[in-house]
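Trainee: So the sequence lines, in the order shown, correspond to chains A and B.
One point on numbering: in the working numbering, the residue at position 143 of the first sequence is 630, and numbering is uninterrupted.
One point on numbering: in the working numbering, the residue at position 82 of the second sequence is 569, and numbering is uninterrupted.
Calculated from the structure, these hints are not laboratory results.
Do not rely on the hints blindly, as some may be mistaken.
Just so you know, same-sequence chains aren't split out, so a pair can sit in one copy or run between any two.
[Stated by the list, open to error] DSS-like cross-link-like pairs, simulated, lysine-lysine; straight-line CA separation at most 25 Å:
1) Lys654 / Lys603
2) Lys620 / Lys654
3) Lys811 / Lys654
4) Lys673 / Lys811
There are 2 protein chains.
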Amino acid sequence: MKILVTGGAGFLGQRLVRRLLTLEQLTDGQGRPQAIDQVVVTDRAPLPDFGDPRVQLVIGDLADGALLDRLLDAGTQSVFHLAAVVSSQAEADFDLGMRVNLDGLRLLLNRCRKLKHCPKVLFTSSVAVYGGKLPAVVQDTTALNPQSSYGAQKAIGELLVNDYSRKGFIDGRVLRLPTISVRPGKPNKAASSFASGIIREPLKGEPAVCPVSPELRLWLLSPQGAVEGLVRGHELPAGAFQDSRTVNLPGLSVTVGEMVAALGRVAGPEPVARITFSPDPAIERIVQSWPGAWDTARAAAMGFSGDPDFEAVIRSFMEHDLPKA
Amino acid sequence: MKILVTGGAGFLGQRLVRRLLTLEQLTDGQGRPQAIDQVVVTDRAPLPDFGDPRVQLVIGDLADGALLDRLLDAGTQSVFHLAAVVSSQAEADFDLGMRVNLDGLRLLLNRCRKLKHCPKVLFTSSVAVYGGKLPAVVQDTTALNPQSSYGAQKAIGELLVNDYSRKGFIDGRVLRLPTISVRPGKPNKAASSFASGIIREPLKGEPAVCPVSPELRLWLLSPQGAVEGLVRGHELPAGAFQDSRTVNLPGLSVTVGEMVAALGRVAGPEPVARITFSPDPAIERIVQSWPGAWDTARAAAMGFSGDPDFEAVIRSFMEHDLPKA
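This is chain A alone, in the form it adopts within the complex:
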């Protein structure tokens, strides 16, 4: 089977591609286990060499319809659509966010529909679809009320993937991801960038500025947890989703202060001393609108699992992702 991964230059895309290449087989839309013959990886940004002849790299803009014809064909069984303009960037440049996060998705969904064989489409959504007055623990039945353009675009994407699935155009699965931490690499324009930066930079011996208060509660998932969630979400039969193709993945509910304390327990006082708190109202406004926890019963019943605790997340980051000195 042939698989398309969009946003393949991102940290999650890269990690997903590497994980897919380790799998003996994946389940196709007819429930048959299939070997992975080809992984088409696309992004607007330069793509890494995955060192596997099954990988085909295509650099280009998803909002360009002609590119899509090169990415998908009759053999494409599954699409992992990770490409997105991130939260702070979509807030700063409304038109760019709409073009990539909404128009790009629609072009992709319409191209998948034209394939006529109802390919699986994995779409990642976000805590950012929630906002306003929220219960302490968000339920699957809690109304979406995004307070950012990124969140609105993700919520619209959820509706589209659900309706295209209901119509039988695609076999869609929407995974609402907690904030990912600890993300390797460099800071980015996501409002949640600090949630990795306050762990990653100090462990690299660099200073980190935290733009939110220690009391802020976050809902976190490690990169490995997100990748395993994507694979699980792909392998489930469509019927497992029942009422909705959208599922809230399990996470850890921790405050920023608890994250810093966990860093201290794992790596000692020196990294902690490299963190300074300097509130940024624009970032606080966006991040405070996100839920600090959501009910995971449905995800757990579908076989999704999260991380054991944040100390384990930090240790895993140090072991696998921290550049060796």
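Got chain A; can you put chain B on it based on the hints?
Mentor: Okay, now just chain B, sitting in the frame of chain A:
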């Protein structure tokens, strides 16, 4: 002030235009009472003569960007956007529904944004945004889960109007309308067409076929109630919407059997005898997914009101809308 009404050939659009023309003044975006100098009324279908020199009729397709330039200008203070492909039609012709209900809305919102003076935009949504397992009484905090493309398109429209408002591009207000009954005129391609037909046709001496069971519970609002809700939604200050620009308008929770019984009490056994029940699974599937009641506390606090009871709705229809024999 200048007002635009889209979907002006529809029964609600016509009634709204007539109501607006009776008003001494409306409140503009700066909270100032203004006389209505011009009402631009547009639709794809032929438009009636409203007999008022302030009305300008423009026939055309909203998904045609050039038309929008003729409809809006620097003087446009308010837009009532009622144009839509209705539920059964949007289900039967997915691409038409997306083009009108989504792309048409986006073109309109972007044109309003270009005006730079943040015009008021009234957008009507629907019970069809709900679906799946619902509580007996839907709350403002109940998640949307549309089970039709029409419902998905309306839910997407709600998200867009909210985000454009949050960004300050427009001053949007979304009114979720109950099913409108008794709608005058002829049956249409809305899945809920029967909810008016089973009252209207028998009162005209014509037979009516009801495609759903008498036990089905509907959430109803009269055409007058919808028009008064639109005017109220326009007049409220933006701050009254607080957490969300979307509000569920009050309605009556009645079963189809109770509607028929009310018809019997108001008009006697003869009209009732003209109704036959013949289930249509396609219509039942869509309509059963809609809520039979929702909590009206927020709407009531904002000054919205509904109808006293369904008998009063039937009497009003007979007095104002039933063609005289």
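Trainee: Decide, hint by hint, whether the structure agrees.
Mentor: Outcome of the hint check:
1. Lys654 / Lys603: within (12 Å within a copy, 38 Å between copies)
2. Lys620 / Lys654: The answer is between: 19 Å across copies meets 25 Å, while 33 Å in one copy does not.
3. Lys811 / Lys654: neither (50 Å within a copy, 44 Å between copies)
4. Lys673 / Lys811: Within. Shortest intra-copy distance 16 Å satisfies the 25 Å Cα cut-off; inter-copy 75 Å does not.
Hint check: a violation occurs at hint 3 only; the rest are consistent with the structure.
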